[in-house]
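Chemist: These protein sequence lines map, in sequence, to chains D and E. Counting in the working numbering, the first sequence runs from 1225 upward without gaps. Counting in the working numbering, the second sequence runs from 1225 upward without gaps.
Don't take each hint at face value.
Heads up, the list lumps identical chains together, so a pair's fine if it works in one copy or across two of them.
[Unchecked claim] Cut-off 25 Å, straight-line C-alpha distance, at most; resulting in silico cross-link-like pairs (SDA-like, lysine to any residue):
hint : residue 1 : residue 2
1    : K1382     : V1513
2    : K1475     : N1377
3    : K1519     : G1429
4    : K1442     : V1493
5    : K1248     : I1523
6    : K1519     : P1251
7    : K1437     : Q1315
8    : K1296     : V1307
9    : K1300     : N1498
10   : K1569     : I1406
11   : K1278     : M1380
12   : K1248     : G1546
13   : K1243     : I1547
14   : K1437     : Q1274
15   : K1538     : T1470
16   : K1475     : A1529
17   : K1519     : M1555
Because the hints were derived from the structure by calculation, they are not lab data.
Protein chains: 2
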Amino acid sequence: MTNAQQAATQQTEQQAINKQWRLKQRPIGEPNADTWEYTETVVPEIADGQVLIKNEYISIDPAMRGWLNDAKSYIKPVQIGDVMRAGTVGQVIASKLDGFAAGDYVCGNEGVQSYAVSEGQGLYKIDADLAPLPHYLGALGMSGMTGYFGLLNTGMPKAGETVVVSGAAGAVGSLVGQIAKIKGCRVVGIAGGGEKCQFLVDELGFDAAVDYKNGNVKKDLREACPEGVDVFFDNVGGDILDDVLTQINRKARIVICGAISQYNNTTPVKGPANYLSLLVNRARMEGIVVFDNVKEYPIAMQDIAGWIQSGELKVKNHVVTGIETFPETLMMLFNGENFGKLVLKVEA
Amino acid sequence: MTNAQQAATQQTEQQAINKQWRLKQRPIGEPNADTWEYTETVVPEIADGQVLIKNEYISIDPAMRGWLNDAKSYIKPVQIGDVMRAGTVGQVIASKLDGFAAGDYVCGNEGVQSYAVSEGQGLYKIDADLAPLPHYLGALGMSGMTGYFGLLNTGMPKAGETVVVSGAAGAVGSLVGQIAKIKGCRVVGIAGGGEKCQFLVDELGFDAAVDYKNGNVKKDLREACPEGVDVFFDNVGGDILDDVLTQINRKARIVICGAISQYNNTTPVKGPANYLSLLVNRARMEGIVVFDNVKEYPIAMQDIAGWIQSGELKVKNHVVTGIETFPETLMMLFNGENFGKLVLKVEA
């Protein structure tokens, strides 16, 4: 694209409308209509050192709920009036920033909006020919990095051990289980509903699945893990964490990745009543935040891309279309309605 | 002692009465009058391969409550009708077992009784001239080993870090805090009542103490730990664990040694509602059982004995006299009435 063409494109885009979802009010419990404000602004002109990005896919993640709380955490809360924070993949429309050119596909944290102006912070180029764009938000993005490092560095599974993962049909869980299989473990997934459970076993190669919506988790887990649980990768918290705690082995590792069952509580979080199982079993419960591994992301991306290519790892994305649906799409996570990595396609 | 003398002594002891406390009924909630049965039997004659021990001190430990529950744990529950399990220090009265002779002082798990016949399992000789006998149940016994390995191997404190310990005026807590001081840490103890708190600071050299009975633990802890908490050694669980969880630093280590506030619950254990602080802070909560370190006990005993000798470590034993008082003495632990390592002196 010539400079003249680029200028022309930018001219057009400047007249385009930027659709944005902003935080209007911090939710108590579930986010609802009062939480969000939909705004439309004109796409601004970029200054030197900036790029203009047209977002194509927006990552919808459980962690978003935490970013809405005005509390000290691993990252600053989203401020009232700000565009909602979100991981994104999109295309550079215009660039006055070295290293980026119009036409480049980029990954970043550009928020729930159809266009974004960036100064390059957290922005990196991706190869759109190598994998479908949503993969860069899922298996090759934050979900993949979270599952890879959480399982391998903190869960430290050894071949032959039993690994259990909750939220197993979700973005992180489905990768954790498959990586554990690749590492030679017996893998059991906990998910909601027969369809998801069947998918885990039939499509992703899990050894067994426990349906928390139709059955007795403790009993079904005991059958699925005849030799107990060595690693538990927890995305959900609540009763499921307590049920798994009753079945851990000596020196078990519990990776606390999330607690989606508790994020919308209006009452205090349900702490794990069975935490003294850690004592009896000399076991460990440890929290993870993916950003700590940022320097090692390339290693993980290479491994995961290789496993996708070899067919050892399957990726399931759940794409919802239309940025207008953001508030409802987010709620799918908390209602267990997503099946695989949930992404919002900005436009049809 | 000649064989003739030994025989004579044994003759006398055989006519002596063995006072014993047996488990009569598993308690629901607090142990009470229905839990225990007091029996008196004649001290038996020993066979080949056995020793007869006259117990002098009996260790009273929070762990005893757990041994009464008919549940899978790190050790088999005490059976109904059995003499209550307990650590003991006593003197060999007669021996037909190689390696032990009448007059030897020995440590073992000989139970809540005034005499015991042992085949040597878990029995080891101690030097009664080197330290007062109750020390062998406390600083140089299970409490010492628990504090030493739990703090150093699992808490892994580094010089300059802040270490908080609950149950700080108890057998394990008082040692943990002092060992952390020796290792160059800032040490804050949580204990009940002004007398205990003053003792921690004035006598044991803690940097600060938080009185959970008179004050606001969260607020007082924040003042006492201006740089946050790097290591928390928890003996009590419940609200105190939750309060400390709000103030841990990144990569903090929480050692779960016990949860005395929860042992007599008739409702489910209070799980730590703030456990997601582990996630935010990439922190770890890990359980310990002292028996795992049995091969390294000699190292710990040598270190602790050295620190006692040099005056760097002070030992406080809380001695109650009369085996008849066992049921009430045990309850002192759960009522926070002990001040230092609680031991029962069998006879006045």
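Chemist: Each hint: holds or not?
Modeler: Going down the list of hints, with the structure as the test:
Taking CA atoms no more than 25 Å apart as the test, K1382 paired with V1513 passes in both settings, with 22 Å inside one copy and 23 Å between copies. Taking identical chains as interchangeable, the C-alpha atoms of K1475 and N1377 lie at most 25 Å apart whether they share a chain (15 Å) or sit on different chains (14 Å). Within a single copy, K1519 and G1429 get their C-alpha atoms no closer than 30 Å, and across copies no closer than 42 Å, so neither meets the 25 Å cut-off. Within a single copy, K1442 and V1493 get their C-alpha atoms as close as 21 Å, and across copies as close as 18 Å, so both meet the 25 Å cut-off.
Neither within a single protomer nor between protomers do K1248 and I1523 lie at most 25 Å apart by alpha-carbon distance, with minima of 39 Å and 61 Å respectively. Taking the shortest Cα distances, K1519 and P1251 never come within 25 Å of each other, neither inside one copy (34 Å) nor across copies (54 Å). Taking the shortest alpha-carbon separations for K1437 and Q1315, neither the intra-copy value of 40 Å nor the inter-copy value of 61 Å comes in at or below 25 Å. In this homomeric assembly, K1296 and V1307 come within 25 Å of each other (Cα to Cα) only inside a single copy, at 20 Å, whereas the closest approach across copies is 52 Å.
For the homomeric pair K1300 and N1498, the shortest alpha-carbon distance between copies (19 Å) is at most 25 Å, but the shortest distance inside one copy (31 Å) is not. For the identical chains of this complex, K1569 and I1406 are neighbours neither inside a copy (31 Å) nor across copies (59 Å), given an alpha-carbon limit of 25 Å. In this assembly of identical chains, the alpha carbons of K1278 and M1380 never lie at most 25 Å apart, being 39 Å within a copy and 49 Å across copies at closest. When the C-alpha separation of K1248 and G1546 is checked against a cutoff of 25 Å, the pair qualifies only within one copy, where the shortest distance is 20 Å, while the shortest distance between copies is 69 Å.
Taking the shortest alpha-carbon separations for K1243 and I1547, only the intra-copy value of 8 Å comes in at or below 25 Å, while the best inter-copy value is 79 Å. Taking the shortest Cα distances, K1437 and Q1274 never come within 25 Å of each other, neither inside one copy (48 Å) nor across copies (58 Å). Proximity of K1538 to T1470 under the C-alpha cut-off of 25 Å is found in neither arrangement, the shortest distances being 31 Å within a copy and 39 Å between copies. Taking identical chains as interchangeable, the C-alpha atoms of K1475 and A1529 are never at most 25 Å apart, the minima being 32 Å within one chain and 30 Å between chains.
For the homomeric pair K1519 and M1555, neither the shortest alpha-carbon distance inside one copy (32 Å) nor that between copies (54 Å) is at most 25 Å.
Of the numbered hints stated above, those contradicted by the structure are hints 3, 5, 6, 7, 10, 11, 14, 15, 16, 17, listed in ascending order.
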